[in-house]
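Student: With the hints as extra help, turn the sequences into a complete structure.
Protein sequences, first through last, are from chains A and B. Going letter by letter, the first sequence gives residues 1 to 333 in this note's numbering. Going letter by letter, the second sequence gives residues 334 to 666 in this note's numbering.
A few of these clues could be false.
What the hints assert, rightly or not - Listed next, the stretches of chain A that the computed footprint assigns to chain B, with coverage defined by at least 3 CB atoms under 8 Å from CB atoms of chain B:
1) 143 to 151
2) 183 to 194
3) 210 to 221
4) 234 to 243
As the list claims (entries may be wrong) - In silico DSBU-like links for lysine-lysine, alpha-carbon gap of 35 Å or less:
5) Lys578(B) - Lys202(A)
6) Lys585(B) - Lys252(A)
7) Lys609(B) - Lys306(A)
8) Lys189(A) - Lys661(B)
9) Lys639(B) - Lys274(A)
10) Lys522(B) - Lys277(A)
11) Lys535(B) - Lys274(A)
12) Lys189(A) - Lys204(A)
13) Lys607(B) - Lys282(A)
14) Lys452(B) - Lys277(A)
15) Lys537(B) - Lys276(A)
16) Lys276(A) - Lys639(B)
17) Lys252(A) - Lys274(A)
18) Lys661(B) - Lys245(A)
19) Lys282(A) - Lys522(B)
20) Lys189(A) - Lys375(B)
21) Lys522(B) - Lys535(B)
22) Lys578(B) - Lys274(A)
23) Lys379(B) - Lys189(A)
24) Lys282(A) - Lys639(B)
25) Lys204(A) - Lys452(B)
26) Lys607(B) - Lys277(A)
27) Lys306(A) - Lys535(B)
28) Lys252(A) - Lys607(B)
29) Lys522(B) - Lys276(A)
30) Lys189(A) - Lys537(B)
31) Lys585(B) - Lys245(A)
32) Lys452(B) - Lys189(A)
These aren't lab readings, by the way, just hints derived from the structure by calculation. Note that this is a predicted model, so its numbers are computed, not measured. For every residue, glycine included, the Cβ atom is placed at its ideal position computed from N, Cα and C.
2 protein chains.
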Amino acid sequence: MKIIVDAFGGDNAPLEILRGCRRAADKLGVSVVLAGPEDEIKACAKENKLSLEGMEILHAASIFQMEYEPVTILREHNDTSMAAGLKALAGQGCDASYDAFVSAGSTGALLVGATLVVKRIRGVRRAAIAAVMPTGERPFVLLDAGANSECTAEMLGHFALLGSTYARHVLGTQNPRVALVNNGTEENKGGPLQQEAYALLKAKANINFIGNIEAREIPLGGCDVAIADGFTGNVILKLYEGMGKLFMGGLKGLFLGSPMGWLAALPAAPGLLKLKKQMDYKEYGGAPLLGINGVVIKAHGSSDAKAIFHAIRQAKACVEGGIVESIKEGLKA
Amino acid sequence: MKIIVDAFGGDNAPLEILRGCRRAADKLGVSVVLAGPEDEIKACAKENKLSLEGMEILHAASIFQMEYEPVTILREHNDTSMAAGLKALAGQGCDASYDAFVSAGSTGALLVGATLVVKRIRGVRRAAIAAVMPTGERPFVLLDAGANSECTAEMLGHFALLGSTYARHVLGTQNPRVALVNNGTEENKGGPLQQEAYALLKAKANINFIGNIEAREIPLGGCDVAIADGFTGNVILKLYEGMGKLFMGGLKGLFLGSPMGWLAALPAAPGLLKLKKQMDYKEYGGAPLLGINGVVIKAHGSSDAKAIFHAIRQAKACVEGGIVESIKEGLKA
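Tutor: Here you go:
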């Protein structure tokens, strides 16, 4: 399996990306292909004594900067590591065949590029960003986490199929419970979008729609797939992250704030580490762009080596789970 | 100061309500007026050996049940404790004068009733539910937390004034930072509602508008007043609650899950209690209905005595802070 990684996406590129790729190449049994300026990749690896053994380089002359407009990716910035990775995944301009692309770069550009180059699966109106997030029990998938600020009920219907397929085939959740994020559980809750989407989801035979969910129940494991428009989904994703930071900060202060703190932390250490691990977004990989005709993973912009490693692990799981084929089959049904 | 409390609102009425009122009457120097069926209030107090000394009873024949349609409050359910409290606050059918009303009953009915009976402040198009919520530092106000699923930019502009006035006059925040919840910080982010509201808020001279805020920054203390439509605000409010439960549950499991747990908890206990207190919505009182021409506080439906006590404390702070008059002055400016 060949997974292309954008060596120049995100705040900590290229060093942390290369470190994550090294770990993935060593531990996951996948071939990692580094997209970016060849000289810089080699110089960074050399300087940091990182071996590139077993990894290919997909040369690209430049880097897509965060301040660029997403829509320019295939015009002015067609020679960037992100554009090169997407084109290679789509089989453009190369003989080799690749299985997935991972980038911690601009979300907007990745979405535009993936849609235009790798293209959408036939029958999907818009691709969605699917975020895999923790609960007290097993993780759940939230989509759309921010690709489409404004959505139609039909789009939410597609998202339900995409998310359900991901939960089943990649996370291994049996008969995933799909819920619509709403301001109450009753059928008539929400605005016209939610009411129309409710009726549509209820009528779908190939998903396990359990009705509306209030945001309170999401972190407590109330559903396996949470469906929302991209604006609401983005608020949920980011609030999750902020609340995690707040609590982890509070926990840290708890133990380090007093002279007895270290003493207190000692017996609690295994549990603390478990809680921290459970709440750490880096453990969950990135956010797959679902609805795209190929495996494309958006890693968090501030990804370090661990986050990149898990995003590559997730890409591998998507390929092995046959996510793209499964979505195609689901759309036919 | 006379504060009317709906003795029959919420999941734990009437006993927990009476207990909270007893504590408030003893500790806050306010006169508590209990709205509800007089016989039942007296019977509950007697059975539980609770003194009603110094408290008045505002008799109402029946109780507004959660399953009733909110709009029926002034028609079929005009004789309920909630309707009686609102009418007394508005000075209808009584000679006495009251300063505030607190209820843990149906949010929808309280909003409809307050709007029709106590009425809106002239110039305010729609009242908003303002939730006071914790951050790592001082609390912030979120509005609208659920009164209006669909909003116009003009409404969001009013909410900014309402929330800003509350933060200044009740929470004591100097020059409160008002932010618009959005999916990015740039001016052009969000849909038409956010873009229009941004322009409107930027042009307002009497609020300290700091621009868009991403949900990630809210719990970290990024603003003092968070403005959102009622759908988004409701998602934020409820996710806050759910995340709090998740973390507190995790923390509990941490210490109680192992034989060494109790030992670990001992030195950390003061810090743990502080963190728990900081995250406990009950400490923050209820949610004032801002824009109403009187002080009306919606307490959490599952309020216990502590939550009711804090909601009464908050009602007192609203009266003392002259919130209604301050909003009127702000609207004139």
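Student: Each of the hints needs a verdict: does it hold here or not?
Tutor: Hints versus structure:
1. 143 to 151: holds (count 3)
2. 183 to 194: The restraint on the region 183 to 194 of chain A holds, since 3 of its residues have a Cβ under 8 Å from chain B and three suffice.
3. 210 to 221: With 7 residues in contact (Cβ-Cβ under 8 Å with chain B), the coverage given for the region 210 to 221 of chain A holds.
4. 234 to 243: Check passed, 10 qualifying residues.
5. Lys578(B) - Lys202(A): 30 Å, holds
6. Lys585(B) - Lys252(A): Distance of about 16 Å is within 35 Å: holds.
7. Lys609(B) - Lys306(A): 31 Å, holds
8. Lys189(A) - Lys661(B): 33 Å, holds
9. Lys639(B) - Lys274(A): 32 Å, holds
10. Lys522(B) - Lys277(A): 32 Å, holds
11. Lys535(B) - Lys274(A): 44 Å, violated
12. Lys189(A) - Lys204(A): Roughly 19 Å between the alpha carbons, so the hint for Lys189(A) and Lys204(A) holds.
13. Lys607(B) - Lys282(A): The given pair, whose Cα atoms are some 28 Å apart, holds under the 35 Å limit.
14. Lys452(B) - Lys277(A): Violated, because 50 Å separates the two Cα atoms, which is more than 35 Å.
15. Lys537(B) - Lys276(A): 43 Å, violated
16. Lys276(A) - Lys639(B): Holds. Lys276(A) to Lys639(B) sits at ~31 Å (cutoff 35 Å).
17. Lys252(A) - Lys274(A): Distance of about 14 Å is within 35 Å: holds.
18. Lys661(B) - Lys245(A): Not OK: Lys661(B) and Lys245(A) at ~38 Å, beyond 35 Å, violated.
19. Lys282(A) - Lys522(B): Satisfied, since the Cα-Cα distance of roughly 26 Å is no more than 35 Å.
20. Lys189(A) - Lys375(B): Outside the cut-off at roughly 38 Å; violated.
21. Lys522(B) - Lys535(B): The given pair, whose Cα atoms are some 14 Å apart, holds under the 35 Å limit.
22. Lys578(B) - Lys274(A): 17 Å, holds
23. Lys379(B) - Lys189(A): Answer violated: Lys379(B) to Lys189(A) is near 41 Å, above 35 Å.
24. Lys282(A) - Lys639(B): 38 Å, violated
25. Lys204(A) - Lys452(B): 44 Å, violated
26. Lys607(B) - Lys277(A): 23 Å, holds
27. Lys306(A) - Lys535(B): 41 Å, violated
28. Lys252(A) - Lys607(B): Roughly 13 Å between the alpha carbons, so the hint for Lys252(A) and Lys607(B) holds.
29. Lys522(B) - Lys276(A): The given pair, whose Cα atoms are some 32 Å apart, holds under the 35 Å limit.
30. Lys189(A) - Lys537(B): Answer holds: Lys189(A) to Lys537(B) is near 33 Å, not above 35 Å.
31. Lys585(B) - Lys245(A): 18 Å, holds
32. Lys452(B) - Lys189(A): OK: Lys452(B) and Lys189(A) at ~25 Å, within 35 Å.
Violation of the numbered hints given earlier is confined to hints 11, 14, 15, 18, 20, 23, 24, 25 and 27; the remaining hints are satisfied by the structure.
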